[in-house]
Amino acid sequence: MIIPHFTLNDFLPVMPVGVLMAAAIVLMLSEVFLTSTTRTYQAIIAALASIVAGGIAVNNAFEPARLVLQGYAVLDPFSSWTTAMVCLGTFLAVLLSAGFLKHRNAERGEFYALMLFAAAGMSLLSLSAEFITLFINLEVLSVATYALTAFLRRGPRPSEAGFKYFILGAFAAALLLYGAALIYGATGATKLVEVSAALPAAFAKSPALVYAGLGLVLAGFAFKVAAVPFHMWTPDVYEGAPTPVTALMSAGVKAAAFVAMVRTFLFLVKGIDPVIPFTVFSLLALLTMVGGNLLALPQRNVKRMLAYSSIAHAGYMLLGVAALFAPKLVEAGAKVGVLTATPLTGTAQDVSVAVYKGLLFYILGYTVTSLGAFGTISALERREDETRGNTWDLERFAGLAQRKPGWAAAMALFMLSLGGVPPTVGFLGKLFLFSAAVDAGLLGLAIVGVLSSVIGVYFYLRVVVYMFMRPAPIDAPAPFRHWTTELALVTSAVLVVGLGILPGTITEWFSRVGMVFGH
Amino acid sequence: MEKLQLFFQTAPVDATQAGHALWLIIALPLLGALISGVAGKVIGRANVHLVTIGAVFGSFLLSLLVFWSVNDFRASAPSPFGGIGYAVGADFGTWFQAGTFRVNFGLVVDHLSGVMLLVITGVGFLIHLYSAEYMSHDKGYWRFFAYLNLFIAAMLTLVLADSLPLLFVGWEGVGMCSYLLIGFWYDDPQKAYAGRKAFITNRIGDFGFLVASFLMVLMVESIVGLPADKLNRAGITGEQVSSRYGSAVAEKGPLAFSVLEETAKALPNLLDEKIVTGPLTGLTYELALTIIMLCFLLGAAGKSAQIPLYVWLPDAMAGPTPVSALIHAATMVTSGIYLFTRVSYLVVLSPVAMITIALIGATTALVAALIAFTQKGIKKILAYSTVSQLGLMFLGIGVGAFWAAFLHVVTHAFFKACLFLAAGSVMHGNADEEDVTKLGGLRKEMPVTWATFLVSTMAITGIVPLSGFFSKDAILHAAHTQHIAGYHGLQTLAWVMGTLTAACTAFYMMRAYFLTFEGERSKDAKTPHAHESAPLMTGPLVVLAVLAVVALVHGLPIMHMQRGGETVTQTLMENFLDPVLRTTNDLVAQKQFLELPHEHESMVGPWIQAWIIAIVSGALAFFIYRRFLPRGGSLQFLEPLRKFSFNKFYVDEVYDALIIKPITVLSRILHKVVDAVLIDSVAVHGTAWLTARTGAVLRYLQTGDAQMYAAVMALAASSGVVWAIFKVLP
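Chains as they are written, first to last, in the numbering used here: chain C, 51 to 569; chain Y, 440 to 1169.
For reference, chain Y alone in the conformation it holds in the complex (with noise of 0.2 Å):
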């Protein structure tokens, strides 16, 4: 045991080496994107395959060689500044800078990260591997193999960033991507629409992410101006903080994470002073950090679909089904979770920001599971449910369990990518049937595929020992024992919701899954006979189904930690985030913002309240949908609720009528106003008028006679001459 442990911490690379290299992994994707939206269609299909496939799976190994390091135990030294827990990663200098602000071009891996990246590159491999097999019927392979290497590249952008601007890139690029992948099929204008609005949603979302940005520029240079005397730290005097933190500033740039973790740092002792310097004066550092965290809510809540940004996931589903397991469940979708994971040192400072988040998170939960109740196209469900999940994902990062919260987006990775692809298959062998009123029976047609559906469903609904109860319980057990200071009434509230959730999630894929795949064949299925998907499909459903059980050892409490002279267990998530959460967590011990539980209560109440949640809701579904209502369909007295909840609660109408007609009569008034009349007929036209008659009134100077010609030189030369002699004359 303890030669494998010593065999997995000595990585083969040296550290440096590796963090130099890692702008290899964003580059093979990018190449892959590139030859094949450039050449695609040149080199045909199998090239195409061949050259974006291998681009990703290079990139998967080379992630797993740089994971490797990270964990190498020589290469987890304390870096120079701030002892801050990153194992690998390199400076590649300016990136670019204006006056004294500065941004530099720098990768980073750390525990964090790292795990990004595997399941960036490993289940985007898988699901490379499926898509060649789902999109061969489809003339736009090479475009979509692209847009698909592109998204790739992107998202490794987000997570390897070492500064929020270069995350940005990776955020919008992201963004772009699933953009194009969801209006794929650009000819149908519901689909393009669908593109247009989760690009639309998301720019709102990017706007609360780059107000958060500058804001967060001025607070650092503001404690960047700060005498050194307010910047005493324990162990360390303020000249010593003052000195590295405004040489970081000028060397990494304000931006950097390891720049706002040494201000997090700087912040305990100053947030309620008032900033004294630059914009933000007379707001307290409280009050300036809670509105940044409230403004990459905003974002966050934007990328990662939670309300009020939430609409555009659902119809998002209108991309191919690899672009909704990939994009839409496992990697984009949770770079919101990452960004605050990322940055939990500053969000364990604000209370208020916590509260928010994770009352939002639970919200998000609670709304979006019952809207999954009733909804009948297959993937509409599975979207339902992800944002619901990712509720839940924000309610974790709210209590402060970023552990728990970061456990769910992996394991959840897993399952959801699963029951996505697995939808998929079904889809693909049902000539692509989405209702799932309209399918039934597939348990016996398609084996391979009920399989792992059913696996992944138990795994989200909880049942012991699957992965999804691990990651969900941790949530759901730190959100009732951890406090956040002053909110204890909203926090009991948001526990209340999540468990509801819970209970929620398992009766809705219960019911989905029953009527997918139990029963009889419905009489409205397109096809008579539905055909198992090939093994290039069915493959990475397997390895999913399996990663989403094999995921719990993360979940498992069998670390054991020497802190304070007492032994504390810990999970191995945990444990193997604890480099990075390290500051958070001196943080919180510090602050007393976030109230822990003093002794880890057993496991075996929550393992029994999970079973019976699961159990109780499983067992409504199955009786509602296999005894009373086999084809779907609802009750009678409950068919006003049935359809407020399939209409989704009327939230898109509402914003219609609240938002966007407002601001389309608005943009019709500017347009018919300002623009046709103020600035086109007056502004634009009326100056080229002006200056065309003035040429054609100077043009009859012009005669042709050369005496005039010469009188108007004289003129003016005599007048010059006159005019400097009256100058000098007294």
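Extracted from the complex, chain C is given alone in its bound form (with noise of 0.2 Å):
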């Protein structure tokens, strides 16, 4: 048996997991040993892991891309990245759910314990480099979210979103499962490198198992990300899970998928014909961005109306994948197509980094926009609601705006930058992915995801004129306050504001070379 050698830099990437899962650790026993009534104590550690451990994924990404752990995780800029993002997007949920709990009376340990552990899969996610590792990373992350989608046992909702959400989970995971099999069975490698490398052969020799593998191995991703039409647990699982944890999948799971699949896909389409991912990635980008701006446009419902939009967000950053694969040479003849490439524009350049910096500020804004959004409805809702079904109905914003004039003008701001208008970071991150896009000569895909978004401000402007437009209801019930609540809410809007005027450094950090490994 060979015992490997690892140094240090081998555990540079996973040190963030590491706090993080101290900290769970802590916060679970904390449970047994202490017995004190107030909890936010809870909250603060685990706000406060959370900052460590981003700020350790900070120092992080300025390694660097090299492989780690014997190839079985990168450590490059873009996991890194991912990785402070994850745990901004934590350090904002557990704010959040301190109040929400409170509330409540939910609040418990075990909650911040499984954000923890959820927030430490999103983040080795990011960084897998390897089948196995990447699945068994995927479901750590995914049975920490499936038990906090099922945290509050009050009613039928949480419990059948919980439910939906591991049986169709589970679905997919088999799917992805399964296609790495077939992988495995075509190159005979789990590592991605030694995969990438033994693919063209394979390719060559059964293309049918390749192919069927690739496509098993996407379906499991377009799962994670909640592409059409793998989106469809979305809604239900999005407005049964507490407001907070639905915050954290909106942002965090998702940007952790994204990263992982961008990631793997990276290392296979070496050796195939490069027109199939591109074709596949265009039409999800597709029916994911106008499929979700249709599908949010009839509801009342807030909550279910932003689970729909996470899933046209997610069309956005896909329109931004699909630009990564688009084919380098394209004839120049070519016409404008809705799945084709054009030479109209700079196609010779590398748009890849362009690319990497529009995913990763368009999380980061899609992070900070999307905690804000869910953190002001999760503090807006009230529990003897819950029953009655019109918890999040449009209703319980009208007026807002004479009640609290602070609460409605951030959420505001938060439906301006989720619909993209300046000078919010919502409209920074959809510039830098469309320009990526039409670089790349996605023309016409670009074409319709601004059209689909101008679709978007339809909904998102609705809510703004239910604050601003509407008579407060006579029995209209103060908003639950909370300390930890308000601050999140302010962080959220004020990086919104920020990073939409501000956005030099940032965008410079994300847009360097060698964001990721192996590319």
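These are computed hints drawn from the structure, not numbers from a lab. Treat each hint with caution, since some may be false.
Pairs of lysine-lysine residues, derived as BS3-like cross-links and limited to a Cα-Cα distance of at most 30 Å, are as follows [stated by the list, open to error]:
(1) LYS255(C) with LYS1166(Y)
(2) LYS630(Y) with LYS1100(Y)
(3) LYS1087(Y) with LYS965(Y)
(4) LYS877(Y) with LYS1100(Y)
(5) LYS378(C) with LYS1166(Y)
(6) LYS877(Y) with LYS636(Y)
(7) LYS241(C) with LYS152(C)
(8) LYS320(C) with LYS815(Y)
(9) LYS578(Y) with LYS877(Y)
(10) LYS636(Y) with LYS1100(Y)
(11) LYS1166(Y) with LYS241(C)
(12) LYS815(Y) with LYS578(Y)
To list a few chain Y residues with every Cβ distance to chain C over 12 Å, as calculated [stated by the list, open to error]:
(13) VAL477
(14) ASP626
(15) GLU660
(16) GLY880
(17) GLN1029
(18) ILE1063
(19) LYS1100
(20) LEU1109
(21) LEU1140
(22) VAL1160
Even glycine gets a Cβ: it sits at the ideal position worked out from N, Cα and C.
Hints given; two lone chains; assemble the complex.
Okay, structure coming up:
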């Protein structure tokens, strides 16, 4: 048996995860040994842990990209930034949870521990470079979120959501695992680097096997990022889960899954016909952008609307991914099409750096915006309404501007950011992604994306209309206030505007060369 | 004497420094406008006066300093590009750029814009002072002074600009301020309407200006692309011209005046050639240039109130009187003349454009003078008189007497501003009575106003030796003696109309004077006794009246020049503007589109002529309005004519029927059919409806059934995989 020789360098990327895990264990133990009635300190521990982990991740982001842990994981800025943003999302979600749980008498150490485990899973997922590791990390993440979804076991909704999520998640995980198995069968390797090396030969020998494997792996990822038509669980689960958990899922889980998907496919497309992945990703982006926005349109339930909106945003990110896999050479006479690339713009230049920048910035922007939006919802919802099913109706927002002008302003800001209106971070994120797509020649798809985002403006602004232009109902209850919630909302609002106005340094960090290992 | 001359020719500041400080001249009133507009209500009336009047006065002092530097003989060394006589200026770098087209932000003062600077800030300062008293009862004082300062800033931008786009910024700025100030009392719908009318009419002109600028870019670019041998000029090879020209266009942009001047120098040999590149392909350069000049004429006609766009100016009298004096008499309305003098080198290359300008000017002058005969409002009379005088200036431009037209701009600024302010003083002292038939006998009650009004009236009628005579006579003299090649007959017509205008001017101005100041006080007067205005109002009047006399020195033929071996006598203004018009004069000599008289005739003939015209017309007015009709009105047999003139030849009605009504009907149809039905119902609401329906239908797929969700996923995954496999299977 060969005992591998690991150095500290190898453990550098997993150090944030270590911090998160340690804090999670401390929190679990605190439930056993401490019986204090106030438990806000648990939230503070979890928040501090995510800050420390995020700090380490930011520090890691300036390390050169390399393989670590014998090729089972990578250390590159792409994954380190993802970890940092996951930690940021966890930080905000934990703060939101403190008030939310206190209001429901459900503050428990396990909740925060599960959140931190989920965050650890997300971080690990973003740096996995081997199929089995990838699968296990995905499960770490998934199991934690299944449990979180059903954490508040009051009424049928949370259990239903948790159960659906579990069943369908297991199904998707099985698809991914089966796909990975097929690829192993074709190439005899599970490490992405080795798979990539063996793929051309395997493809020449048995293309169907490779295709089936790739397709199934993609289906597994598509489930996690909630791409249409693998999205159907999203609204039900997002609606049923405790709102802070929904916030974390919409931001962190998706970000990690996106990064893992991009990393995996960067290795897997080598040696196969480039048109196939490009067409598949374009199709997914098209369906997701249009479908997500169209489905959100008739919703009066704001939480459900945001769930569909998160699908639409995944569509915009998929547009970036499609740009990454756009064919480098396009014949000069190609016409503008929705699923094809055109030679209209600079296809000669390498757009991958712009895509990475766009993806990371979009994830960052979506994280802060979505956490803020779900956070506002979580502060407005009341336990008494949960059984009636109209907890999140638009009417809940009527006249919020008179009752709570600060909250209404913040929510308006988040809605504008989701709609992509300057000077918010949502606008810049869209700008970076769409311009990268246009540079890659995806003119038709980018136009569809912009048009579909116009649909989005309708339902985002409808919330603003309700808040500012409808009178408040007479029996409108005072929103539940907790300092952690307000801290989270202020942080999100400041970041939404701040990053929207001064994106300079961040985008510079995001667009350095050598962002992604092996590319 | 020589020491004095040397003193004026040695500026205390370095020319480069003066150039870099030019932006301050604009910035001061802009800052004043900002302070007054934002904080005017808070800081109070006195502070607003201090800030805004101080800002204009500061600009005036700076302008004096800059003007001094312009006259500095040490600074008048030829500039590196084409020997253009720009004395002081600075280029502040690229303003905007699109592809190869660029526009620099550059300010420049030469002899032409230097004079304009002094007129704008000097007269502007006096009118600010006057306004402080005139607007003393108005609550909106801070708004008024903010607009007034903003106007000064815009007008200064217009004259300081070294390129057409920047000039256009000022051009639009003065138009906007004019709109704001005409409609200053916006709660009176009629006044608000007058403001709108002025703005829209000006926009029509701006359209012409913009089209002209765009065509100019195309023409310049077509010349840049020409082979070098086409650009040969006397004393310089085509290669040199080509390279210098190309680099200048790349460096300054195609619309900088320095580039336009160089374009004009290149054009004489090209006029008959066809343009071979760009969208203008197929036109000859001469035709293209003529079109450009005619488009500029449309723009200038809008701003300077010429036929067919003069209708806004009489209505613009709805604004406060100081505004009429500053904007609608002294400065803004002369910007059309300024523009043509600025690009005079292009004007003289197109005889068609020249004769058109001359005819438009002469016709406007005569028509406006005839309308002024019967108007009752004192400001209306002065407004038509302004239109008429502007027409004379256009006549001067048209016949190539740029210096004369410009001299008339300057003298007109003094005496017309004085007339307007005096009219304002009359209104101020008579409870805002405007109707001349309801005034009368003010001579004793308002002595200062009376005296200044009389001096200015004599100046505008052209009594020797007041300034108005020299400028007007210079124009008419040029119209008589300088011939536009090929249009002798039409030009004689223009000259006759111009001379008739001079006669009419004397008549209607004396009429206004007699009815207002002489005779008995009218029974219909609003107040039994008028009161003389405060010193703050009469002071500017006196200064302007003095200037209206003193400005005559510019028209005296006292400069002796050595030209080609012989001594030529020039008037002061002609000599002063020589550096600006040098290229123009060279082009005239080269192309012979304009036949100049060989020798200067004696001035005595015109003097006597002018005397006779002024005195005969004035006497006629005296007899009619002092002896027969001391209270206005008209003679019985002339009544239809009077009515026709009083109703302004029914031009507004004609425009209404021919242009405004059809457009209104058309837009109504477009609104009802295209907008309401096609766009609103079908396109906008239809799309929204369709989108919402699609969303609602898709929603039914979301059943909440987990088995169904899984089935959809499985179906999607398998169809994707199957599709990919089928792609590779043979």
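Results for each hint:
{"no.": "1", "hint": "LYS255(C) with LYS1166(Y)", "result": "holds, 15 Å"}
{"no.": "2", "hint": "LYS630(Y) with LYS1100(Y)", "result": "holds, 21 Å"}
{"no.": "3", "hint": "LYS1087(Y) with LYS965(Y)", "result": "holds, 26 Å"}
{"no.": "4", "hint": "LYS877(Y) with LYS1100(Y)", "result": "violated, 36 Å"}
{"no.": "5", "hint": "LYS378(C) with LYS1166(Y)", "result": "holds, 21 Å"}
{"no.": "6", "hint": "LYS877(Y) with LYS636(Y)", "result": "holds, 28 Å"}
{"no.": "7", "hint": "LYS241(C) with LYS152(C)", "result": "violated, 45 Å"}
{"no.": "8", "hint": "LYS320(C) with LYS815(Y)", "result": "violated, 90 Å"}
{"no.": "9", "hint": "LYS578(Y) with LYS877(Y)", "result": "holds, 28 Å"}
{"no.": "10", "hint": "LYS636(Y) with LYS1100(Y)", "result": "holds, 15 Å"}
{"no.": "11", "hint": "LYS1166(Y) with LYS241(C)", "result": "holds, 27 Å"}
{"no.": "12", "hint": "LYS815(Y) with LYS578(Y)", "result": "holds, 29 Å"}
{"no.": "13", "hint": "VAL477", "result": "holds, 23 Å"}
{"no.": "14", "hint": "ASP626", "result": "holds, 30 Å"}
{"no.": "15", "hint": "GLU660", "result": "holds, 26 Å"}
{"no.": "16", "hint": "GLY880", "result": "holds, 64 Å"}
{"no.": "17", "hint": "GLN1029", "result": "holds, 50 Å"}
{"no.": "18", "hint": "ILE1063", "result": "holds, 68 Å"}
{"no.": "19", "hint": "LYS1100", "result": "holds, 39 Å"}
{"no.": "20", "hint": "LEU1109", "result": "holds, 26 Å"}
{"no.": "21", "hint": "LEU1140", "result": "violated, 8 Å"}
{"no.": "22", "hint": "VAL1160", "result": "violated, 4 Å"}
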